[in-house]
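Q: Okay, here's what each chain looks like letter by letter:
Protein chains: 4
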Amino acid sequence: MAFLRDRFEKDVEKSALSYSASINFDQRLYKQDIAGSIAHARMLVHNSIISEKEGELIIMGLTAIRQEIDDSKFVYKMALEDIHMNIEARLTEKIGDVAGKLHTARSRNDQVALDMRLFIKETTQDIIKRLTELQESLLKQGEAYKDVVLPAYTHLQRAQPVLFTHHLLAYFEMLQRDKGRFQDCLKRTDIMPLGSGAVAGVPYKVDRQFLAEKLGFSRVSENSIDAVSDRDFVVEFQSCASIVMMHLSRLAEEIVLWSTAEFGFIEIDDAYATSSSIMPQKKNPDIAELGRGKTGRVYGNLIGILTVLKGLPLAYNRDLQEDKEGLFDTVDTLEATLRVFGGMVKTFKVNRERARAAVADDYILATDLADYLAKKGIPFRKAHSVVASLIHYALGQSRTLSKLSMEEYKQFSPSFTDDVYDITLETSLAARNLPGGTSPGQVELALVEAKKRLGG
Amino acid sequence: MAFLRDRFEKDVEKSALSYSASINFDQRLYKQDIAGSIAHARMLVHNSIISEKEGELIIMGLTAIRQEIDDSKFVYKMALEDIHMNIEARLTEKIGDVAGKLHTARSRNDQVALDMRLFIKETTQDIIKRLTELQESLLKQGEAYKDVVLPAYTHLQRAQPVLFTHHLLAYFEMLQRDKGRFQDCLKRTDIMPLGSGAVAGVPYKVDRQFLAEKLGFSRVSENSIDAVSDRDFVVEFQSCASIVMMHLSRLAEEIVLWSTAEFGFIEIDDAYATSSSIMPQKKNPDIAELGRGKTGRVYGNLIGILTVLKGLPLAYNRDLQEDKEGLFDTVDTLEATLRVFGGMVKTFKVNRERARAAVADDYILATDLADYLAKKGIPFRKAHSVVASLIHYALGQSRTLSKLSMEEYKQFSPSFTDDVYDITLETSLAARNLPGGTSPGQVELALVEAKKRLGG
Amino acid sequence: MAFLRDRFEKDVEKSALSYSASINFDQRLYKQDIAGSIAHARMLVHNSIISEKEGELIIMGLTAIRQEIDDSKFVYKMALEDIHMNIEARLTEKIGDVAGKLHTARSRNDQVALDMRLFIKETTQDIIKRLTELQESLLKQGEAYKDVVLPAYTHLQRAQPVLFTHHLLAYFEMLQRDKGRFQDCLKRTDIMPLGSGAVAGVPYKVDRQFLAEKLGFSRVSENSIDAVSDRDFVVEFQSCASIVMMHLSRLAEEIVLWSTAEFGFIEIDDAYATSSSIMPQKKNPDIAELGRGKTGRVYGNLIGILTVLKGLPLAYNRDLQEDKEGLFDTVDTLEATLRVFGGMVKTFKVNRERARAAVADDYILATDLADYLAKKGIPFRKAHSVVASLIHYALGQSRTLSKLSMEEYKQFSPSFTDDVYDITLETSLAARNLPGGTSPGQVELALVEAKKRLGG
Amino acid sequence: MAFLRDRFEKDVEKSALSYSASINFDQRLYKQDIAGSIAHARMLVHNSIISEKEGELIIMGLTAIRQEIDDSKFVYKMALEDIHMNIEARLTEKIGDVAGKLHTARSRNDQVALDMRLFIKETTQDIIKRLTELQESLLKQGEAYKDVVLPAYTHLQRAQPVLFTHHLLAYFEMLQRDKGRFQDCLKRTDIMPLGSGAVAGVPYKVDRQFLAEKLGFSRVSENSIDAVSDRDFVVEFQSCASIVMMHLSRLAEEIVLWSTAEFGFIEIDDAYATSSSIMPQKKNPDIAELGRGKTGRVYGNLIGILTVLKGLPLAYNRDLQEDKEGLFDTVDTLEATLRVFGGMVKTFKVNRERARAAVADDYILATDLADYLAKKGIPFRKAHSVVASLIHYALGQSRTLSKLSMEEYKQFSPSFTDDVYDITLETSLAARNLPGGTSPGQVELALVEAKKRLGG
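Chains as they are written, first to last, in numbering that gives the first Met the number 0: chain G, 0 to 455; chain P, 0 to 455; chain E, 0 to 455; chain V, 0 to 455.
Don't read these hints as lab results, they were simulated from the structure.
Remember, predicted model here, so these are calculated numbers, not experimental data.
Be a bit skeptical, because a hint or two may be false.
Any copy, or any two copies together, can satisfy a pair, since identical chains are not distinguished.
[What the hints assert, rightly or not] Restricting the straight-line Cα-Cα distance to at most 20 Å, the calculated cross-link-like pairs of lysine to aspartate or glutamate (EDC-like) are:
#1 Lys375 <-> Glu51
#2 Lys178 <-> Asp189
#3 Lys9 <-> Glu407
#4 Lys348 <-> Asp418
#5 Lys450 <-> Glu425
#6 Lys345 <-> Glu12
#7 Lys345 <-> Asp268
#8 Lys409 <-> Glu135
#9 Lys451 <-> Glu12
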């Protein structure tokens, strides 16, 4: 008769066991589970629920089991369903019946909630570190290619000239927000659920604050029913991760575009490119494409946990077991993608000439022309209309703006004077000299500021 | 220098390799891949692109490799990235350079499209079989509990009495539609893509019809660009699977409800129930809950592949590699859930007394009272209003309808006569004697009809 | 006291009424609702449940009400909650208490299921028509630009030359599958639910086949509980729509790319382009971008209805009211997007020169070189490797393949002979002369075939 | 020729105009748009870009237009596309060409980003207020029914007795977290984008801090490219809203369950219940069901905006226009649902007898029995096993635990003594006397604490 089944006439059906067992994936939580159990044992001693000697025995046993798992010597048994029971059963093998005292004043419901919170707390720190590394790659390239000008695009049409560094810093900002979101999520994860028991709280004098301190939590949960049914912190983590992946998918899209023969602004390092099984000339930006594609699974994991929780009555229901695999998949995806994108970004080469060529066509200075007129007192809306007509004329003649004669300019507005020819890429950039703008000075400041924010 | 990288200066970065390698999961396609390669080799011979002897050598080698994998003797190498290259490299080891001829007139782009189509074709047959098994479980129970009456609920309020068998047959219908949807999806999967090459078609006289016949396909693809970029059949499969899981989540919800102390209509067999780690009295419907929860991951996999494909330019992009893991997860989830639900449904016991008790309160016959009046010529809307007032009166007195005197009835409508007391559960059921209705005769017919549909 | 509330002590709270009333959006179903009621009235007469005269009165009233709504003279009342009750109340105003007989042998549960099925049946025909129109636009352009060659891209890298028409025909295939999916969905929508009543079937001798014929349905539903709780056809419609939008998002992405200064393959007609509020030179492909963006809302509507249905017990629950707004939004989005994409595709101009320039670089013929060697007996994998090294050499020299001397060729393989210089864009295209391939002959055939499939 | 189209040969196609115009929905932003424009005008004066007189004229005009819209006298024109151009055009009508100066140093790209941020900032405050109101309803009921005991459920099986107030406080905690999440989202929304122009920053000396102060923002955006392409704050808002709806769907599920004949713990007030069109006895919890169903649309809106943003290159693309309708729908759904749930929760009546009856069966004290043994030194796991066997025995005899003789108890463990009969509902509750536990004292404290947190 399997574990915990004294109440039943027969054993669980084999297919039902393999369907419900979680040991295949929740073994990943063994460190958290053992850390939680050790702290729990200390509390049981501290609160005189078990003897000091019993406590020592339990902790020694658990420590040995952790070593066994670290050394891949532990044999997981599906019949024991999950990581909690696998460890408890092994503990019984090692130290005998006293192992059974560990489950005093605790249920799997608060135990698994604890494990998940510990796991997410640690993972979040890792993710934040990786986000910082990718930011560092962006800054490195921003520093290296400070002189590169390329078009900013809106609607994927060349809009206005910007510094390449300014463009990279846009991604820096996104990742900075991502870090803030994870930090905020952490506040709601950093809550210690032990003491909640199965659902109603445990009938023992348990010092929950003691547990929180031992386990490095800032607060204890306020309501036992909520504590065992709450998976908000998983949803919120998945949501933060989805936004990161969305950002990376945008970066990936641009890296793919920039690597085309048509744009040609960058060349991915060979170490991050792959070839074709049939077309020998190809150099493909597979890493960027894969990262873009992996956005799908992370969005899917978010919708997965939201679906699980929809309409679930309180408190613990077995549906909640479905919180884990999607989380692990998101964590692995996010960590691997951030790591490999960090490498890819750090190593690509920028093709200054192709970038410069893309801003050579002076139609990209049209806004500057409109602002030129506006500064001479013509209402901007009118100035915009004048320049649009001018462009229409120039396009019809297949001529660039700088090639038009003053006479031609005057036909569109008498306000044009010779200084219109002074408008260049450089003046355009320099003019955007306000916080957040693309002038070389502002971008330099932003770069310095960004480094400071990382250093902090 | 790794495979296919003669064009590059350096090897792929290690983290990039592990990020992009798919061998961990696409090894699942080895049977399809080898079947496809064997057919391809036969075609190359058939179309005189390679010699008969070369063909034999290749096929012999592939057959041996399949055996190695069957016997778990094959060593997968991550450096070879995917199942296609792992097999090709092994083939080279076994038969030498002639192995390199297998890739003539083929690209990984059409090869992987083929593998996926073969896989889904086979899987769909399995799923349909499992759907049928669950239908059989429903029919078995429908047959066994033909006499059980319980309330049909709307808004989870007791609405009208129905036969339990009628209720089970509702699920039979859902699963029947599910099978139809998979069949329809199959039509669009059953299309042979080989010959499309990387994207433009192959520059060889290839008999694509020959390939289709050898591989059991009904049709060949019409356009090579579409053939290598099309993953509609994956999305459609995921969508069909999501609808199945939605159906099962509804069944699961009802099984959970019916197993409560409050409803108590069924008792799940011990073989499909689990206990609590802390509350010894508990008998939990974990299997049903897990099935309901697993709806989340399947919905997630659907949104995952839809996200991958959103906004992808033609033709093949590496993002498409993300079509696989979500598919495999859905397939495994669906097969396991159908199997275990089949067992759970087949073995639960119905508690006739609890069911009967739930329809004992004759308010559930209120609609019949309204129809009674309607049949006497009172417009139904008016009859409904009369009975509502009657109910309001009876509720105020805490009395059931059959306990009201004729005098009291008459106060609400003079059309009430003594035959109102003839309205019973049995007459209510019997009256719904039309196709699709819950009268015993109709349900018997439906049961017979259902069996016939399965037998077909 | 509001409608249908004789059982209650007080009126519904105002905010609760506005929260639950659906008249703001379900008024869109008035035609379906009235058509259903007229057929229902005919059946009531046909089955002698009401008199012929009553039937005539009801039908006359309903017909007049339809006219009122057509003429925007009908005043909807939120207190009457939904379209069904608004019409029924108005009918009572017009023809008196006999109106109350219309609800005999019918519930809102089967009534709304009918309305939804009628609506989707009609809508699907419209969508299929619009899909065909977009296919026609593709064929028109395919016909007009049969001579245009451009690169097929994989990984957004130039891969192999293809005919532009071949590329457009890839989208033709996608839309053809979309039509097949909608046709299949239609089979499962084309089922008549009346007679199911609230949930158990109605206690009247109702000729359901008569109703099906009058309303143009092929079949009647098999189970009353299923009939009132089934919304599969809505999910399936949403899924089909999501796949269409996914296809259009891919087309949109390409149109955006092709319209860039960098690609420059097409120019969108001014009638489908917009300008910038600040940058006068811009010509933006807004329509394509919006279509791509609107993919989001359609995916969202799919996940919305799947979420609604997850875990719902049978049979009707008010949650089901949430099936409508998402459906209407998807229908409107799909119809508008197909229409405007039809216009945009039909009118864009292809820039032959830019397309030709993109295939001028003969690296794009690398696969042909490998096949050249393969045809001389070198195993393809080896040939691929040889050409990759050749490319590496040529790139290092910044020379195109045709500029290499025979001596240089020979250094990579002795199998190269003078005929290697005969490989051109034209021979590359011509060589792909198999069904689905891009040779001019095959594309011509495909074009003819496509027209036939539309004409059918 | 339509607005801003001087560059084009022809007008936009009618269907394309109606497809791309946003005025139907973005008119909702008129207050934010005008507030933004007034602040912008003040800045233009402050920075001497326009004269004081021009500024006054513009502000006067804008103020008058706001009044026109407030009074529903403003006529929106689709040809003017969006709210920005509708207002600008009207301003021109009112004050002439000087209106054209308002668009100096601003683009629609930063303007719409501003409007969206202002809208979400205000909306978030409203949502937080409504969350608080629902919390107050929970506390009111928690106060009123402090004496009610009912089962806590896990797996929807009766698990352990808890105070009803304790159960309600679980929802209080969820909503408290929701407020925290919205507050955190607010930090990332509270960033002023003006000055970013179309994408590169504006070529004027603009005091962005001045703008931020006038508009009540804490910070200005750091990077102009990011500022016009960032919609993180919309995604994050949608994510916060999805979690709220998930919580409400759980509450709704429980309200539906508790209102069944089978559970019968509460009766919804008539003002929040509806009846059936056919079954006069029904009292349906439609509001709860609708709230549960509306979870679908909010999840859908989240996936919608995530899909829109996936793979979008920088900076502004027209796809971003799709950020609005889903947001407005979520805001309306959330506000209405919170409001109506507040009323429904505040007014339901608890049926003390039904609740008490559900805990009468003393199997619910099984955990207490196990803890009783554990406190006598038997390892908990062993104690659990003993009690499970005891339960199995009692179930077989259809007897409750308190009816077993001491002799019978002793058969299962010699540690049982007469004090086992002292275990009651009351001792069970009282024993859970730790923070977060369900003892009357702890719940009283939690209630006091909760009120304090709201008051704060």
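Q: All hints, please: hold or fail.
A: For each hint, the structure was consulted:
1. Proximity of lysine 375 to glutamate 51 under the C-alpha cut-off of 20 Å is restricted to the inter-copy arrangement: shortest distance 17 Å between copies versus 86 Å within a copy.
2. For a Cα distance limit of 20 Å, the shortest separation of lysine 178 from aspartate 189 qualifies both inside one copy, at 16 Å, and across copies, at 17 Å.
3. With identical chains, the CA atoms of lysine 9 and glutamate 407 are never at most 20 Å apart, being 96 Å at best within one copy and 23 Å at best between copies.
4. Proximity of lysine 348 to aspartate 418 under the C-alpha cut-off of 20 Å is found in neither arrangement, the shortest distances being 37 Å within a copy and 38 Å between copies.
5. Taking identical chains as interchangeable, the C-alpha atoms of lysine 450 and glutamate 425 are never at most 20 Å apart, the minima being 26 Å within one chain and 55 Å between chains.
6. Within a single copy, lysine 345 and glutamate 12 get their C-alpha atoms only as close as 54 Å, which misses the 20 Å cut-off; across copies the closest is 13 Å, which meets it.
7. With identical chains, the CA atoms of lysine 345 and aspartate 268 are at most 20 Å apart within one copy only, with a shortest distance of 9 Å there and 41 Å across copies.
8. Neither within a single protomer nor between protomers do lysine 409 and glutamate 135 lie at most 20 Å apart by alpha-carbon distance, with minima of 50 Å and 47 Å respectively.
9. Within a single copy, lysine 451 and glutamate 12 get their C-alpha atoms no closer than 60 Å, and across copies no closer than 30 Å, so neither meets the 20 Å cut-off.
In summary, the structure is inconsistent with hints 3, 4, 5, 8, 9 from the numbered list given earlier, while agreeing with the others.
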